[in-house]
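Novice: The working numbering numbers the first residue of the sequence shown as 600 and each following residue consecutively.
Watch out, some of these pointers could steer you wrong.
What the hints assert, rightly or not - With a straight-line Cα cutoff of 27 Å, these simulated DSS-like cross-link-like pairs (lysine-lysine) come out: (1) K606 to K686; (2) K748 to K606; (3) K746 to K845; (4) K845 to K748; (5) K845 to K686.
Think of the hints as simulated: they come from the structure by calculation, not from any bench.
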Amino acid sequence: MKETSLKNRLAMSILSIVIGLLMIAAVPFLIQTSLERVLIHLMAHVEAGNPAFASGLQLFDFFYPVWRAIIFVAGIALILTSQQLRKGEEWAYRLAMALYALPSIGGMFMFLPYISFVGGFPLPMVVSWIGLAGFISFIFLRQEQRKVKWTRFATLLFIGMLATHAFVIGIGAQRTLWTRPGHPLYPDFTWWLFNWVGEVNWIAVILLYLSIPFLAVGNRKGWWLATIGAVAILPLNVFTQIFRTKTFDYLIGAVLASVVLIFTQIPSFKKHLLRD
600 MKETSLKNRL AMSILSIVIG LLMIAAVPFL IQTSLERVLI HLMAHVEAGN
650 PAFASGLQLF DFFYPVWRAI IFVAGIALIL TSQQLRKGEE WAYRLAMALY
700 ALPSIGGMFM FLPYISFVGG FPLPMVVSWI GLAGFISFIF LRQEQRKVKW
750 TRFATLLFIG MLATHAFVIG IGAQRTLWTR PGHPLYPDFT WWLFNWVGEV
800 NWIAVILLYL SIPFLAVGNR KGWWLATIGA VAILPLNVFT QIFRTKTFDY
850 LIGAVLASVV LIFTQIPSFK KHLLRD
């Protein structure tokens with residue numbers, strides 16, 4: 600960060616304060632409004648003869664507020680550490696990248712139930728835009744070669760997309776399991792497969808998220824975390840798609856994991872992605 604110009608470091612500092620304030624003052628109300636709309640429309644969907652979706656009421660009522668709390672604390676952290684960015688502290692840059700990823704991922708997760716049950720303008724997308732504004736700006740404000748910036752931008756973007764999708768896969772698996780026939784028993788292999796793939800995807804979310812602050816500065820630790828997360832998702836999602844062909848959700852996850860592996864494994868990308 601010391602090699603980044605003072606002008607760009609000052610821009611990073613100001614951006615952290617502005618986005619931090621939005622995460623504290625605006626995002627909580629956006630999430631609450633989104634949650635209430637999702638719950639109202641989902642209740643109507645259940646009452647219209649779709650009892651299998653009833654578990655979504657509990658899941659969304661839990662995870663929307665959890666993401667709100669996480670993003671709120673992240674906003675506070677951005678404001679408190681903003682001056683360290685101006686000073687060129689490397690740890691502050693890595694932390695900021697991790698903090699910006701939270702509304703980006705959380706907003707995208709909340710966006711999917713919203714468009715599924717509410718429709719219209721996707722209000723949670725605004726939450727994602729707030730996080731992405733800082734996330735993308737920081738990649739290009741940092742002093743690096745142009746090829747390095749674009750490689751990291753593409754890689755980190757797809758890691759965030761994969762993390763979001765994997766989190767949603769875990770939610771979908773739990774929603775289906777809670778209303779399965781014969782609960783709490785498992786009627787056959789395809790039902791406990793839901794449990795398996797859902798929880799593996801959730802574990803992979805942690806690895807993918809942790810890779811972001813490391814890869815943002817070209818650290819090989821991030822490369823390992825992203826690789827392990829993507830490899831864990833890819834074969835199990837393909838396997839699940841074969842047995843559960845009602846939707847293409849697992850295939851989409853496998854494609855996203857493949858793209859992450861392309862950026863992390865192909866030498867021409869890897870040499871720009873990693874510093875060491």
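Novice: Now tell me, hint by hint, if it's right for this structure.
Specialist: Verification of the hints:
no.: 1; hint: K606 to K686; result: 11 Å, holds
no.: 2; hint: K748 to K606; result: 18 Å, holds
no.: 3; hint: K746 to K845; result: 41 Å, violated
no.: 4; hint: K845 to K748; result: 39 Å, violated
no.: 5; hint: K845 to K686; result: 53 Å, violated
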